[in-house]
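Trainee: Each protein sequence line maps, in turn, to chains H and X.
Everything in the first sequence is counted per my numbering, starting at 1 for the first residue and increasing by one.
Everything in the second sequence is counted per my numbering, starting at 1 for the first residue and increasing by one.
Just so you know, the hints here were simulated from the structure itself, not pulled from any lab data.
Using N, Cα and C, we set each Cβ at its ideal position, and we do this for glycine too.
It is possible that some hints are incorrect.
[Said to hold, decoys possible] Chain X is nowhere near these chain H residues, computed Cβ spacing over 12 Å in every case:
no.	residue
1	SER288
2	LEU289
3	LYS300
4	GLY444
5	THR497
6	ASP514
7	VAL628
[What the hints assert, rightly or not] Pair by pair, the computed Cβ-Cβ distance ranges are:
no.	chain 1	residue 1	chain 2	residue 2	range
8	H	SER496	X	PHE256	28 to 38 Å
9	H	TYR415	X	ALA112	49 to 59 Å
10	X	HIS99	H	PRO433	27 to 37 Å
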Amino acid sequence: MFGRSTALVALLVASEAAIGGAPQAPSATPAVTAAAVAPRSPRNASYAITARLDPASRTISGNEIVTWRNTSTIAANALRFHLYYNAWRNTASTWMRERRLSGRAPEEKYQQSDWGWIDVTNLRIIGADGSGGDLTNQLRFIAPDDGNTADRTVAEVPLARAVGPGETVNVQIAWSAHVPRTFARTGAIGNFFFIAQWFPKIGVLENTGWNCHQFHLSTEFFADFGTYDVRLTLPRGWIVGATGIERDRRDEPDGTTTHHYYQDDVHDFAWTTSPDYVERHATFEHQSLPRADLRLLLQKEHAGQAERHFEAARAALKYYGEWFGPYPYGHLTIVDPAWQSAADGMEYPTLITAGTSWLQPPHTEDPEDVTVHEAGHQFWYGIVATNEFENAWMDEGINTFATARVMQERYAPTYTLTRYFGGFVPYLMRDFPRSREREGDRLGTYRTGAKGDAQSTPSWQYWPGTAGSITYDKTALWLHTLERMVGWEVLQRILSTYFMRFQFKHPKPQDFFDVANEVSGRDLTWFFDQVYRSSNVFDYGVDALRSDIDVIDGAIPAGVKTELRQASYRTQVIVRRYGEGIFPVDVRVVFENKEEVRWHWDGRDRWKRFEVEKPVRASFAQVDPEHVLLLDVRYTNNSLSMEPQSARAARKWSLAWLIWLQDHLLTYGFFV
Amino acid sequence: MAAAAAFREGIRRVNHAPGLVAGMFAVTLLVSLPLAYALDTMIAAHLGSSLAAESLATGTNDDWWQEFSAQSSGLGTTFLPTISGFAAVLNNLSGFVDHAPLAATIVGVTAAWMVLWSFLSGGIIDRLARARRTRSHGFFGACGMHFWRLVRLGATAWIVYAILFRFVHRWIFSDAYSWLTRDLTEERLGFAIRLAGYAVFGVLLLACNIVFDYARIRIVVEDRRSAIAAVLAGARFVRRHAAGVLGLYGLNAVAFLLLIALYALVAPGAPRSGVSMWVALVLGELYIVGRHYVKLLFYASETAFFQGALAHAGYTAAPVPVWPDSPAAEMIANADRTVTS
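The whole structure should be built from the sequences, with the hints applied where relevant.
Mentor: Below, the structure is given as C-alpha cells:
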C-alpha cells in the first residue's frame, strides 16, 4: 500500500477510471516531470492536480494525487488535510467566529452565493502493490486548536497501515468547491477570480505529531515543499496567472482551454484568471543575481502604472537578493487585482498580488510598497518557509522590516496620501513625508497594540484585534532596533546567514536567535527575552533636569550678581523607566556652550540620577538620544529642555487648527 | 430681476457692508477661539518641555504627531495632519458630503455657531435687504424680532436635513451605491456611480436649501411670523422663478468654487516658523473672510432677487425700530440703490 513512489502509472489509470478526470502523473515522479535543476527542497509533499472552473456557478471540480513522504522520525497513523475553503462555509467556523470577535464587517451582508466551501467526494490511498483503499467514508473533521465541532477546515483520515519515517504514500482526492466572494484574499468578483488555498492540502508532520492547524483569522499557512503539476481547465480566452510557469495549453472541444502549470520546490499553488487582464512582461537583471522574468497581469485602468509595478518588483529582487540571498525561481508573476476584489497584497510562491488605485500619484506608498512587500515574501515565506500559524512574525515581521528598508533605499522620499470623497480623490501631503520607522516599521499601529500578546504566543492564539501589531509592527521595530544596536552590516550578515542556512526548510524562532547570537558574536538572549518572550512595553523618559549654581562659599549675599561670582552649575538629570521593558540606553546632556556629557545606563532600575558639574548651564537632556530603541512607545518624554518651546509650537499648530475649525463651521453654515 | 443682475446687486450690497463681513468673521473667530485655546493647552501639555516642541515649532514632527494622536481623546482626535493647508478644506468638504462622523466637541461648537448665526441672520438679511446701514440697534433689533421665527424655521429645516442625511444619504451611499457597485471591478465606474450619487443627493439637498433660503428671506423681508407658511411661500417663489433662482444659485456656487480654487493655489502647506507662519495664518484667515463674503453673497443676491420680483422693488416690510416707520418710505429710500426688474 505504501510504496516508494516508482511505477504508479497503472494505478493512476485505474484511479482515473474510478474518479474520472484524474491527474496524469503525480509530481513525485521527477523522472516524468523532469526538473531541470537538482532539488532545492525535500519535495516531500507533491501534487498533481487537474481542476475545472465553471465561472457561471463559481464552482471548481478538482482531482489531485498527493505524493507525501514522511520526513519525520515518527510513523503516521493518519493523514491530516487542510480544507481552507470551509472557513467560509457558514458563520460557525473558527475563522468566522474570530472575525466576529475582531469586530470586522458583519456577515449579514453576504448572500448565499458569497459563501465558499470544499467537499471531498472521494479519497483513496494508492499503494505500490496495486491495492487501493477508498477511505472517503472514514474522513472526519477535527478541530485540534479549539475543539469547534462546526469547523471543517481540517480533516483526518486514519490509515490501515502507518506510514513510517522515510516512507511515501500516494493519496488521490476528488473534490468540488464553491468559490466565495473574496475572503482572506481568495475568491471571485465579476469575472475576476483569484484562487488560493483551494485544494485539499496535507499538513506538516513533525517529530511531535501533525502540525495541521484550523484556519484562523489572523494567521496564514504552513506546508511542506514539493512539486506542483497542475492542469487548469478554464474558459477559452481568459488570461491565467499561476504559481510556476505554463508548460503548455490545450484547447478543449467544449470551448475551454486547459493550462498546464508546473513548479518545483514550492509549498503552495495559487492561480488567477480573468478575461479582463492586461498582460505586460519585463525582466530583472543583475550582475551577480539570477535573472528573473517578470509577468504583470494588470487591470486596464491601471495600465499606466505597469512600470511602477515592475520597478518595485525589481527593487525587491535586487535588495533582497543582495542582502539575504538570490531568488532562485527565474520568474515572478505580479497580479494587480480587480477593484473591490479584496485580493490585494498577498503572497504565493512565484505569484503575488499587489494593489493600487485608479488615481495614484507618484511618490506615495502604493503600488510600490505592497509590491516590494509581496515580492519580498518570496524570500521570507516562499523560500524560508516558516510556520505562519505559530510564528507569523518570522515571515511577516522580517519582511515588513525588509520592505521598509527597501522603500527607504529605493523610493525615499514618499509622502502621506489622504483620500477624499468616498476614498476616490487622492491628495498628496508633501509636508508630511513618510518615514521608515513610522510608516515602514509601523510604530503608530504598534503603539496602540503593544501589550496585545507576547510574541512567543502561537500566532493563531493572538488577540485578533492586535495580531497585526504584534506580528508585523513589533518585529519590524525590534529588528530595526537591533540594526541600530549592532549595525546594519552585522544584522545583514545575521539575516543572510539565517536565509542561506534555512532556505527551503522550516526554521523555528530559536534557529533565528541562534544565528543572531552566532553571527553577532554576542549573547542577545536578553534582547529576545524582552522583545519576543514578553509583552513588556518600553518607555524611558527624562523626568527632571536641574542645572543650578552650587554655592561653594556660603550663601550668595543679597544684591550680588551671580555672574560676578565664580559660578559652578550642578546639573542633575533624573531618567525613569516607565515601562516594564528593559533596554540599555544612553543619557545625554547638552550644555549652553554645546558641550555634551554622556552616560550609559543599563536601564534596569526604575529611575536613576546622573550628575555633572560644569561652569555652564545645561541646555537639554535626552535619554536614548539616537532613538535606538524604536519600541519606545512615548518618545516625546525622552527629552527635557531648559527652554521649552512647547508654547510656541502649540500656538502655531492651534492657529492652523483654528483655520480648519472656522472652515468647518462655514461648511456647516450651508444649513443656516 | 435677472439672476446676473441680482448677483451683481448682491456683490454691491455685500461690498457696501464691510462691517457685516467683519462682524460675522469675528463671530466665527470668537466661537472658534476657545476650542483653539483648549487644543493649544492640550498640545502644550503633551509636549511639556520635550525637544519635540522645537521641531514642531519650526516645521512638522510627524513622530510626535502620531504619538499625540494615539494618546489623545475628544478634541485631540481632530488634530490630524489633514488640518493643515488646503487639505483642511478638502477634509471638511469631503466630510460634509460623505456625512463623516464628527467629534462630540465639534458637534457642540457647530451647533452653538449655527444657533448664533440663526440669531444673527435676521439682522444680516434685514441689513442686506435694506442695502444701507441699520446701525447696531437696528441690526440687533431685527435679530431679536426675527429670532424665534428663524428658530422655528431652523427646526423645520433641521427635520428635513436630518431626513436627508440620516435616511436619503444612507440609502444613496450605502444601500444603492453598494447594490450598484457590488460586482463592479472597475474603480472608474465606481467613482462615476459615486459622482452620480453626489449629483442626486446634491439636487435634493440644494432644492431644500434654496427653499429654506427664500423662506428665511421672506420671513425677514415680508415680516412673516409663520415658519411653515414661509417655507411654503419660499417653495412657491422658487417654483415660479425656477430659472432665475437656479441661475443665481449657480452663480453663487461658482463664486464659492472660485474661492476654493484660489485657496488651493495659494494655500500654504504645514506652517513653518517666523514670518512664513504668520503669512500662512493671514492667508488662511483671508480665505475664511472670503468664505464669509460668499456666505453673505448668497444671502444678499437671493434677497435682491426676491425683492426684485416684488411689486415694489427693494421693499422690506419689517420696520427698523426707529426709522423709517413706513414700508413705502423704506421703498422710496432704497429706490435709487436697487436695480429693478
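Trainee: Now look at each hint and say whether the structure bears it out.
Mentor: Status of each hint after checking the structure:
1. Consistency note on SER288 (chain H): stated as away from chain X, and its beta-carbon is indeed over 12 Å from all of that chain's, at 37 Å minimum.
2. Non-interface call for LEU289 (chain H) relative to chain X: holds, since the shortest CB-CB distance, roughly 35 Å, exceeds 12 Å.
3. For LYS300 (chain H), the non-interface assignment is contradicted: its Cβ lies about 8 Å from the closest Cβ of chain X, within the 12 Å cut-off.
4. With a minimum CB-CB distance of about 4 Å to chain X, GLY444 (chain H) fails to clear the 12 Å threshold, and the non-interface call is violated.
5. The claim that THR497 (chain H) is not at the interface with chain X holds, since no C-beta of that chain comes within 12 Å of its own (minimum 32 Å).
6. ASP514 (chain H), annotated as away from the interface, keeps every beta carbon of chain X farther than 12 Å; the closest lies near 34 Å.
7. At roughly 15 Å, the least C-beta separation between VAL628 (chain H) and chain X is larger than 12 Å, which holds for a residue marked as non-interface.
8. Hint check: SER496 (chain H) to PHE256 (chain X), Cβ distance near 59 Å, so the stated range 28 to 38 Å is violated.
9. A beta carbon spacing of about 36 Å between TYR415 (chain H) and ALA112 (chain X) contradicts the range 49 to 59 Å that was offered as a hint.
10. Judged by the Cβ atoms, the range 27 to 37 Å given for HIS99 (chain X) and PRO433 (chain H) holds: they are separated by roughly 31 Å.
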